Every structure is written in C-alpha cells, then in structure tokens.
Amino acid sequence: AQSVTQPDIHITVSEGASLELRCNYSYGATPYLFWYVQSPGQGLQLLLKYFSGDTLVQGIKGFEAEFKRSQSSFNLRKPSVHWSDAAEYFCAVGGTGRRALTFGSGTRLQVQP
Amino acid sequence: DAGVIQSPRHEVTEMGQEVTLRCKPISGHDYLFWYRQTMMRGLELLIYFNNNVPIDDSGMPEDRFSAKMPNASFSNLKIQPSEPRDSAVYFCASSLSSENTEAFFGQGTRLTVV
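Protein chains in written order, with our numbering: chain U, 55 to 167; chain V, -9 to 104.
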C-alpha cells in the first residue's frame, strides 16, 4: 500500500529565511510525486510535480523539490520565504495503476515577520 | 475553464437528515475524485470515478455514504442519515486521463452536522 509521511506537523520560519519541508513516501512502483498548498478555507493548489526525468523540479511561487529515490524522499524547498507563504503544505504520491493520490498529513507553515 | 465547482460551500444540517454535495468537474477531465478532510484523519480518498464509472469506493466510510456520476459533468455525494462525525470538509477533484497529470481541486464543501 502506498503512504506518505510528513514528519513535521508545524514549522515556523522568519520571513526571508530558507525553508525545507520533508516528505517521505512508500510506493511499490515508480511514484508520481506532488506538492500542494492549501490556504485557510481554500482548496488545494498544485505547487509542483515529479513524474520522471530531472530529479530537481521547479514549481510556482519560487518553490522547488528534489526526488531522491534512494531515500524515498521528495522534500520541498524555498530559498527565501515570504509572509504570503504561510499555509498548509501537502505531499502526495500516485503512480501507474492507481490514479488517486495518497496525501500526507500536512505541514503547517507559519512565517514570522 | 472555471475549475472544479462544488456546491454548496457550506452546509449545516441536523443529525439524521440527508445531505447532498455536488461537483462539476473540469470539462474534458475523465477522472473525478471525492476526498474528505478532517483534523484527525487528514485528507482521505472516499471514491473515484473514471469515465463516470466508480473505480474504487473502498474509502467510503459506510453504507450511509453513496456517490454517483450520472454524466461527465456532474457528480454528487450523499450522506443519509447524517451524523455529527460526518462533519468535515469534502473536496472534489478532477484530472485528465493521461497518467502524468495532476488533480485539480474544488474549493470544498464544509459540512457541519449538529
């Protein structure tokens, strides 16, 4: 069965500081990996996705993520966080044969001025 | 396209009543997913459809929950009878048939059962 672990429930960073959100997945085949962001009262918006090829993927709003197969990880990074990045971030896994995504429990990001 | 459209945005109902949540997927999308989000359990897949046919409903909590997709542009999720523990945000999402594509989410329906 597929699963996603986001070990950090809540992270606080200062505005302008760098950010890394951790994600580990379990999937029996080649995974498709996603990061979504959810602002309060809103739906989920895709930040970036990995299907194949270059293991470093760029997304919207200056985010990037790196797929590391050996570590079963897909960590999200941003070099300089803005106050508007405060939200909840979800990592998700899917793949061939199973189109529905499995989501992690989310990491809530707080940004301090 | 207006994206995935869900209605209503908010629903408050009394325990025992029937609740119907509605979803209009993005035109041309072949897959439709229903998720439920709660503090305790996070985002859970309830059911998903491909070309209007249910593919996996193993996440539907119990017989009180049912979902249909009568055509490519509409799906509904019904809870009958509703219970307070059904209170959650219910999301609908849709995606294209090609594998290397993401799911697009609606704004969700916040259901409160009192």
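Calculated from the structure, these hints are not laboratory results. No experiment lies behind these values; they were computed from the predicted model shown. Careful, some of the hints might be misleading.
Cut-off 25 Å, straight-line C-alpha distance, at most; resulting in silico cross-link-like pairs (SDA-like, lysine to any residue) [stated by the list, open to error]:
| no. | chain 1 | residue 1 | chain 2 | residue 2 |
| --- | --- | --- | --- | --- |
| 1 | U | K103 | U | E142 |
| 2 | U | K103 | V | A(-8) |
| 3 | U | K103 | V | N40 |
| 4 | U | K115 | U | N78 |
| 5 | U | K115 | U | V67 |
| 6 | V | K68 | U | G95 |
| 7 | U | K122 | U | G95 |
| 8 | V | K14 | U | G95 |
| 9 | U | K115 | V | L86 |
| 10 | V | K14 | U | L100 |
| 11 | V | K14 | V | S48 |
| 12 | U | K115 | U | S127 |
| 13 | V | K58 | V | P(-2) |
| 14 | U | K103 | V | K58 |
| 15 | V | K58 | U | R152 |
Here are some chain U residues the structure puts well away from chain V; computed CB gaps all over 10 Å [stated by the list, open to error]:
| no. | residue |
| --- | --- |
| 16 | V67 |
| 17 | S68 |
| 18 | E69 |
| 19 | S80 |
| 20 | L100 |
| 21 | S106 |
| 22 | D108 |
| 23 | T109 |
| 24 | E120 |
| 25 | R131 |
| 26 | P133 |
| 27 | V135 |
| 28 | D139 |
| 29 | T150 |
| 30 | G160 |
In silico contact screen, one side only, chain U against chain V (beta carbon under 10 Å); selected entries [as the list claims (entries may be wrong)]:
| no. | residue |
| --- | --- |
| 31 | Y81 |
| 32 | L98 |
| 33 | K122 |
| 34 | A146 |
| 35 | G148 |
| 36 | G149 |
| 37 | A154 |
| 38 | G158 |
Just so it is clear, CB atoms sit at the ideal spot from N, CA and C, and this is done for glycine as well.
Taking the hints in turn, this is what the structure says about them:
1. A C-alpha spacing of about 17 Å is found between K103 (chain U) and E142 (chain U), which places the hinted pair at or below 25 Å, so the restraint holds.
2. Distance check on the hinted pair: K103 (chain U) and A(-8) (chain V) sit about 22 Å apart at the alpha-carbon level, within 25 Å; holds.
3. Among the hinted pairs, K103 (chain U) with N40 (chain V) is consistent with the structure: their alpha-carbon atoms are about 22 Å apart, no more than 25 Å.
4. Among the hinted pairs, K115 (chain U) with N78 (chain U) is consistent with the structure: their alpha-carbon atoms are about 22 Å apart, no more than 25 Å.
5. Restraint check for K115 (chain U) and V67 (chain U): the C-alpha separation of about 17 Å stays at or below 25 Å, so the hint holds.
6. Restraint check for K68 (chain V) and G95 (chain U): satisfied, since their Cα atoms lie roughly 22 Å apart, inside the 25 Å limit.
7. This hinted pair does not check out: K122 (chain U) and G95 (chain U) have alpha carbons roughly 32 Å apart, beyond 25 Å.
8. The straight-line distance between the Cα atoms of K14 (chain V) and G95 (chain U) is roughly 19 Å, inside the 25 Å bound, and the hint therefore holds.
9. The straight-line distance between the Cα atoms of K115 (chain U) and L86 (chain V) is roughly 24 Å, inside the 25 Å bound, and the hint therefore holds.
10. Distance restraint check for K14 (chain V) and L100 (chain U): the Cα-Cα separation of roughly 19 Å lies within the 25 Å cut-off, and the hinted pair is therefore satisfied.
11. Among the hinted pairs, K14 (chain V) with S48 (chain V) is consistent with the structure: their alpha-carbon atoms are about 22 Å apart, no more than 25 Å.
12. At roughly 21 Å between alpha-carbon atoms, K115 (chain U) and S127 (chain U) fall within 25 Å of each other, so this suggested pair holds.
13. A distance of roughly 17 Å separates the Cα atoms of K58 (chain V) and P(-2) (chain V); the hinted pair therefore holds under the 25 Å criterion.
14. For the proposed pair K103 (chain U) and K58 (chain V), the alpha carbon gap of about 29 Å is over 25 Å, so the pair is violated.
15. Proximity of K58 (chain V) to R152 (chain U) is assessed by CA-CA distance (about 20 Å); at most 25 Å being required, the pair is judged to hold.
16. Listed as a non-interface residue, V67 (chain U) keeps its Cβ farther than 10 Å from every Cβ of chain V; the least gap is roughly 22 Å.
17. Interface exclusion of S68 (chain U) from chain V stands, the closest Cβ pair being 27 Å apart, more than 10 Å.
18. Distance check on E69 (chain U): its Cβ is at least 27 Å (rounded) from any Cβ of chain V, clearing the 10 Å threshold; non-interface status holds.
19. Non-interface call for S80 (chain U) relative to chain V: holds, since the shortest CB-CB distance, roughly 16 Å, exceeds 10 Å.
20. Chain V draws L100 (chain U) into its interface by the beta-carbon criterion, the shortest separation being 5 Å against a cut-off of 10 Å.
21. A beta-carbon of chain V is positioned within 10 Å of the beta-carbon of S106 (chain U); the least distance is around 8 Å.
22. Once the 10 Å rule is applied to beta carbons, D108 (chain U) is consistent with being away from chain V; the minimum gap is 14 Å.
23. For T109 (chain U), the condition that its CB be more than 10 Å from all CB atoms of chain V holds, with the nearest at approximately 15 Å.
24. The claim that E120 (chain U) lies off the interface holds: its Cβ sits roughly 18 Å from the closest Cβ of chain V, which is beyond the 10 Å cut-off.
25. The claim that R131 (chain U) is not at the interface with chain V holds, since no C-beta of that chain comes within 10 Å of its own (minimum 19 Å).
26. Chain V leaves P133 (chain U) outside its interface by the beta-carbon criterion, the shortest separation being 24 Å against a cut-off of 10 Å.
27. No Cβ of chain V comes within 10 Å of the Cβ of V135 (chain U); the nearest lies about 23 Å off, and the non-interface call holds.
28. Chain V leaves D139 (chain U) outside its interface by the beta-carbon criterion, the shortest separation being 19 Å against a cut-off of 10 Å.
29. For T150 (chain U), the shortest C-beta to C-beta distance to chain V comes to about 6 Å, within the 10 Å cut-off, and the non-interface label is violated.
30. For G160 (chain U), the non-interface assignment is contradicted: its Cβ lies about 6 Å from the closest Cβ of chain V, within the 10 Å cut-off.
31. Interface restraint check: Y81 (chain U) against chain V, minimum CB-CB distance 14 Å, threshold 10 Å, status violated.
32. Among the interface hints, the one on L98 (chain U) holds; its C-beta lies about 4 Å from the nearest C-beta in chain V, closer than the 10 Å criterion.
33. With a least beta-carbon distance of about 20 Å to chain V, the hint placing K122 (chain U) at the interface is violated under the 10 Å criterion.
34. Annotation: A146 (chain U) was flagged as interfacial toward chain V, and the flag holds, the nearest CB pair being 8 Å apart, inside 10 Å.
35. For G148 (chain U), the interface hint holds, since its Cβ comes within 10 Å of a Cβ in chain V; the closest pair sits about 8 Å apart.
36. Interface hint status for G149 (chain U): upheld, as the beta-carbon distance to the closest one in chain V is roughly 8 Å, under 10 Å.
37. Among the interface hints, the one on A154 (chain U) holds; its C-beta lies about 5 Å from the nearest C-beta in chain V, closer than the 10 Å criterion.
38. At about 8 Å, the closest approach between the beta carbon of G158 (chain U) and any beta carbon in chain V falls short of 10 Å, and the interface hint on this residue holds.
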